[in-house]
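Protein sequence lines, in the order shown, are assigned to chains A and B.
With my numbering, letter number 221 in the first sequence gets 221, and the count goes up by one each step, no holes.
With my numbering, letter number 276 in the second sequence gets 276, and the count goes up by one each step, no holes.
A few of these clues could be false.
Going by beta-carbon spacing under 10 Å, a handful of chain B positions derived as facing chain A [what the hints assert, rightly or not]: (1) S111; (2) L122; (3) L123; (4) I138; (5) K142; (6) S152; (7) A165; (8) Y166; (9) P167; (10) Q169; (11) R182; (12) F192.
Calculated from the structure, these hints are not laboratory results.
Quick caveat, the model's predicted, so the values are computed rather than measured.
Cβ atoms here follow ideal geometry from the backbone N, Cα and C, with glycine treated the same way.
Spelled out from the first residue to the last, the chains are:
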Amino acid sequence: MTVLLNNSFINRVWKIKSRYLILIIIGIWTPLALIFKGMANLELPTYQNTFATSAAGDAAASIRGNRTKSTAFIYFFNPIRAFINGFVELIRMLIATPAPNSIIPVLGWLGVIGVVAFIVFATSNLRTMLLAVSLLIGCGFLGMWTFTMDTIAMTLAAVILSLSIGIPLGVFAGLSDRVLKILTPFLDLAQILPTLVYLAPLALFFLIGAASATIATMVYSIPLSIRITAHAIRNLNQSPIEASTSMGATTRQTLTKVQLPMGKKMIVLGINQTVMAALSFVVIAALIAAPGLGKPIVNALTIRNVGNGFVAGLAVVFVAIMLDRSTSAAAKTKISFVPPTAQEIKRRRISLAIMGIITVLSVWLSRNVLWAAIWPKKLDVSNPISRFTNDANDWVVDNVRIITVTLKDFISNYLLNSIETLLAGSPWFITVAMIYVIALILGGRHVAILSLGLLLVIIACGLWYETMVTLTQTLVATLLTMIIGVILGVWIGRSERADKILRPFLDAGQTLPAFVYLVPMLGLFGPTRFTAIVTGIVYSIPVVVKIVGEGIRNVSSTMIEAATSAGSTAWQIITKVQIPAAKKSLLLATNQGLIFVLAVVVIGGFVGSGGLGYLVIVGSSKPELQGKGLIAGFSILLLGVMIDRIANASARKYGN
Amino acid sequence: MNQHNTSSAISVRGLWKVFGENPENIVGSTDASLPKAELLAKTGNTAAVRDISFDVAPGEVFVVMGLSGSGKSTLVRCLTRLIEPTAGSVLLNGEDILTASPTRLRELRKSAFSMVFQHFGLLPHRSVIDNIAYSLEINGMKKAERHKKAESVIELVGLQGYSQAYPEQLSGGMQQRVGLARALAVDPQVMFLDEPFSALDPLIRRDMQSEVIRLHKEVGKTMVFITHDLSEAMKLGDRIAIMRDGAIVQMGTPEELVAKPADSYVADFMRDISKSHVLTLKYLARPAGAGEDTSGLELPAETIILEASKVILESRRPVKVIENGKLLGIVSDQDILRLLAEETV
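Use the sequences and the hints to build the structure in full.
In structure tokens:
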């Protein structure tokens, strides 16, 4: 008994102390950083290679040289590439690129709209169908029809391939603990891997273009589909499954007759998530020459034309809403297993027949009449929209300059610069030592040693300085995300009305590809690291708010009633009851926030955020820096693992 | 109790279920007799079922009663190998279930025994008739044939008119009727019922208990019935086994349990049971005292006291209790009044 008491006593003292310990460490670190500023911080000019980056560059060159010679390529990579390329081109030919012996795809625009209308009507309802059709027409008016079709074709190809791998594996992982155990590390890694990281290595093996973009998209979306399918199978009501076994059903019979029918709804929800993940990746995959809406966005970002970027970005938003609504309506209907009555079935058959006739008609028109085949130039309003956006943006930039510039300067000068001085400005050994101690306090000895190892590998690779720049931006963006996220999360957790107001924005925000956010932020804040940070914040706020809100809402009402009856004010309830009780959710939200922010901050390399992301992007366009780009991607991965492990361990340590 | 009784419908000997790592090391070791918490602290194992042996005669309703955590649900799952037991043997009509191959086990499950679950375990995506026909379907029976069979069982459990309904459209009581029908559909020799009525409202529970009694009379299946409700056990059981911490504390007819509780644990349970409702005249019969009138009415020894009380109280002379044609003793109105007075305290 006394031992127990002593332990908990020590723990308590240690917990209180750890907060101050970190402050003490920063207190020691700051003068050191100021004294040794710029010394031994391992900063390298962009064009200078290190041992590791030249080695990676040589390796890349030899891989490039072996594409037609090595057996690995002839029997493995090239056939995969050929198969996927063929599959993607087949789907593109249906809706995007000219079919053989023709100047138009198999389906012209009217035909595509007809087919989409039919599918959406058949799987959900009239309202969703009208929404989908208007959004597609909207893409046409934006002058983005072909790009849109390319994006949809790429997404479709990647989703079909991902699901055909992900669902069976997910079912396996759902049924067998061993399979789940084997898959879990890969699933975890995939979740923390920033999207930018695997584009370059995949392009190295599969060339740039549609095939490697599809493979990259699959790498991103398969884990998601495995996870959700396994979850769907595992979280079923166990009682009918046990009953089925007790009646002598084989594992296979129980799976096909009980588990799959019962888990169908959840698996469909998984398809929705897979589609949205694939879409967001397909847009970013424009960086390795994926066809589609990402292309005009990349071009617009490169020439800093906000108007053009806005038009393409808007089309992405349309496609995202369309795909999300039409794939989630099926899953969101009331959970009931009762089939429709005979009369309902008859009514439905009639309406489907009518829709079918309209669809066939539109397909026929789109294949035989020019105006229905190729989107008419007269119906293209992209130029006025682009011009108007540019004007509006100029006006905003001129007139709210005080706000945007003040905000930008304030955060850049005070937060960013001071943290960057600590992390990137100090001599490397001081920073490494400090991170080691902080990891020790936050997560314990194991994580501290792991972090030390990862940091030393990064140093050996030669991209230490850039890594610290990226870490600075990630930390600052996450800090701001958490401040805003907790405020909004507490708000929606406490008020039904706030939840109703914010929920649609959060849902929409979560479905948009990160790339799309860069455009308006670039317009407002120009090509700076601040743009990357703001984009990261905007991108990760929805998930943080949702997790925090959920945590606050789940605090037991008895606890709140007790606090209220004791005479607490609303502020006291929030700070003394709800936030402490929702600590676990807050830690989880921080972890998620860090990972989301890191993924976006590195993409910010595109708009002048510097750091590792910039090296990855430069590396993909300049052959002599390819090695550096690859190593930068690798460093992002190591940084991501370190951040995730520390956050995870501290959540375990302080979450209970 | 080491020899199996081959004439039993079910014969269980030395059955163990230990959860945790290396469970087989626990069985037969000195640790096996440790209390639950000590065993967990020492080895990290939990013995959910400890050395259980019993026999169930054909057509008997055998009730296993215990509080939550006593191991009764684990026990019933070990009998059907939904949970693999750690040690012991289970004979069903003389055939050892625990050594049966997976194929043979499935065959037995399809035909020889069936189970009714606390949370019904109905398939939500199937209509009532397809739920009932499920086991016939996996048996490979043709649709028309299995629906015909299912329809007959639907009638048996009083679900006429509901064959096309879906589980979510039915009340809890109705859902469990489907569960019963499903278990009856394969015409099993033994039915295992795992707290089938615990999730139901008290009034509906009473209806369903009567329903089971009626079904048992009609179809005469051997039943192993798990419950935590003593009155349910008393009402349904030909014999009752009381479980505590994975072991059987006492086993016997309701009358035996009430009349001679094996220990204070069982006695505590029986405290709320009205003796006059359960015990027979045999319990009250005593030798006639000096000068007592022995020329009264004769009543069979197996008459429930409550049922006999009116006759005895109205009779001016003590009643003679007869068992197998022999005089067992007498019961006077004083004896009845004393018993009733004890109950009302």
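Results for each hint:
1. S111: Holds, about 8 Å.
2. L122: With Cβ-Cβ at 6 Å, under 10 Å, it holds.
3. L123: holds (5 Å)
4. I138: holds (5 Å)
5. K142: Since the shortest Cβ distance to chain A is 16 Å, the answer is violated.
6. S152: Because about 18 Å separates B/S152 from the closest Cβ in chain A, which is outside the 10 Å limit, the hint is violated.
7. A165: The hint holds - B/A165 has a Cβ within 10 Å of chain A, the shortest such distance being about 8 Å.
8. Y166: holds (4 Å)
9. P167: holds (8 Å)
10. Q169: OK, holds: B/Q169 within 10 Å of chain A, min 6 Å.
11. R182: holds (8 Å)
12. F192: Constraint on B/F192 satisfied, holds at 8 Å.
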